[in-house]
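Asks: Keeping their order, the protein sequence lines are chains A and B.
Going by my numbering, the first sequence opens with residue 1, and the numbers climb by one from there.
Going by my numbering, the second sequence opens with residue 1, and the numbers climb by one from there.
Hints were generated in silico from the structure; no laboratory data involved.
For glycine and all other residues, C-beta sits at the position ideal for the given N, C-alpha and C.
It cannot be assumed that every hint is accurate.
[Stated by the list, open to error] Just a sample of chain B residues kept apart from chain A, beta carbon distances all over 12 Å, derived:
| hint | residue |
| --- | --- |
| 1 | I50 |
| 2 | G54 |
| 3 | E76 |
| 4 | V88 |
| 5 | E93 |
| 6 | K97 |
| 7 | V107 |
| 8 | I113 |
| 9 | M116 |
| 10 | F126 |
| 11 | G137 |
| 12 | R149 |
| 13 | S168 |
| 14 | L179 |
[To be verified] Ranges of calculated distance between the beta carbons of each label pair, as one might list FRET restraints:
| hint | chain 1 | residue 1 | chain 2 | residue 2 | range |
| --- | --- | --- | --- | --- | --- |
| 15 | B | A28 | A | P75 | 43 to 51 Å |
| 16 | B | E184 | A | N112 | 34 to 42 Å |
| 17 | A | M129 | B | I40 | 15 to 23 Å |
| 18 | B | G137 | A | K119 | 42 to 50 Å |
| 19 | A | K34 | B | Y127 | 52 to 60 Å |
| 20 | B | K180 | A | D48 | 52 to 60 Å |
| 21 | B | E141 | A | D48 | 44 to 52 Å |
| 22 | B | K64 | A | T74 | 23 to 31 Å |
Each chain, letter by letter, is given below.
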Amino acid sequence: MNSKIARLVIGASVISAVAMTVLGQSRPYDQIMKEVGPAYANLKKNLDASAFTAAAQDAAKLEALFKETESFWTPFKTKDALDFARNAQTGLQAVNVAARHNNGQKAQAAYNALGKSCKGCHDSHRESMPDKSFRIKP
Amino acid sequence: MIYRTFAPLLLFLFFQTPKPADKPAEPALQPESLVDQWFIRLNALDDWYISFTGKEETDAVVDKFVELYSDDAFHEVQPNENQLGHVVFHGHEGIKKWATDFAKKHVHLAYRIDYMTRNEKPAQLFYRAMPPWGGVGAAVEFSAVYTNREDRKRFMIPGSAFFVFDPSGKIQRVRIYMLKDEAEEIEP
Chain A
1 MNSKIARLVI GASVISAVAM TVLGQSRPYD QIMKEVGPAY ANLKKNLDAS
51 AFTAAAQDAA KLEALFKETE SFWTPFKTKD ALDFARNAQT GLQAVNVAAR
101 HNNGQKAQAA YNALGKSCKG CHDSHRESMP DKSFRIKP
Chain B
1 MIYRTFAPLL LFLFFQTPKP ADKPAEPALQ PESLVDQWFI RLNALDDWYI
51 SFTGKEETDA VVDKFVELYS DDAFHEVQPN ENQLGHVVFH GHEGIKKWAT
101 DFAKKHVHLA YRIDYMTRNE KPAQLFYRAM PPWGGVGAAV EFSAVYTNRE
151 DRKRFMIPGS AFFVFDPSGK IQRVRIYMLK DEAEEIEP
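Can you make the complete structure from the sequences, with help from the hints?
Replies: Here's what the structure looks like:
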């Protein structure tokens, strides 16, 4: 009986350790950003088409991507980057809620405000290189 | 006949030929350009990037900065939140630590040597001294302009730096004084 409990405890510990390792690893930043662009374009397209269910899904996806963005910047404690990432999430929550209530006008307004966070962060932390690649500035 | 013709010419050429110097003269150190180079590389300490996996890639700019120092150099700065009293960093490893911490803490660096204007003539003043052991000493007043990386607040603080260069132009010692009581926050 005791050995059964011990095995269960060890098994649970191993599973949680693996889960923590996998979940704790953040994806490379360029992968996150490359997903933002198409999702952002989709959101606009769906809002323009009044496809609110799809727009709400896009907003949720983008919110998750900006959560990852926030996680990337958290260890550096870079206030403006963290603020931009958090503001984007707040804006996307507003888009999501408005879209789920079929309120196109409110959803569009919240969507339009998102651009400020993108531009602000890119101006401050994205550097274009001569080969058209980008670098992350501190 | 030939001798008579050419002897005066040969004699003339002999006296025109410069005597070989006993020792090749050492190039004179230019403290202005040495100090300028230090400010250029100090300001370049913000020119690094974060990799896509989140690594702070400071080594290239830090190594360029440390190159300016001799192996047993001293780099002396004001106290900070980690240490009371005057802080001394010694040798390339010590100075690399200072430069790495400095690079990771500040962005948009714009340290500049102050100008003074008299009679409508502006000039950056480099105070120069010749130590008895060789090399050259130099001092400047400067304005430290920088942005804190974390909170993105920008400041300007007056300061002064005293350099001792060895005969090869490497820094043997630099002492930096910053007047934190005169710090001013720059509002955007």
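Asks: With reference to the structure, classify each hint as holding or not holding.
Replies: Do the hints match the structure? See the list:
no. : hint                        : in the structure
1   : I50                         : violated, 4 Å
2   : G54                         : violated, 6 Å
3   : E76                         : holds, 26 Å
4   : V88                         : holds, 27 Å
5   : E93                         : holds, 23 Å
6   : K97                         : holds, 18 Å
7   : V107                        : violated, 6 Å
8   : I113                        : holds, 25 Å
9   : M116                        : holds, 34 Å
10  : F126                        : holds, 31 Å
11  : G137                        : holds, 34 Å
12  : R149                        : violated, 6 Å
13  : S168                        : holds, 33 Å
14  : L179                        : holds, 26 Å
15  : B:A28 x A:P75: 43 to 51 Å   : holds, 49 Å
16  : B:E184 x A:N112: 34 to 42 Å : holds, 37 Å
17  : A:M129 x B:I40: 15 to 23 Å  : holds, 22 Å
18  : B:G137 x A:K119: 42 to 50 Å : holds, 49 Å
19  : A:K34 x B:Y127: 52 to 60 Å  : holds, 54 Å
20  : B:K180 x A:D48: 52 to 60 Å  : holds, 54 Å
21  : B:E141 x A:D48: 44 to 52 Å  : violated, 59 Å
22  : B:K64 x A:T74: 23 to 31 Å   : holds, 30 Å
This entry does not satisfy hints 1, 2, 7, 12 and 21, going by the numbered hints stated previously.
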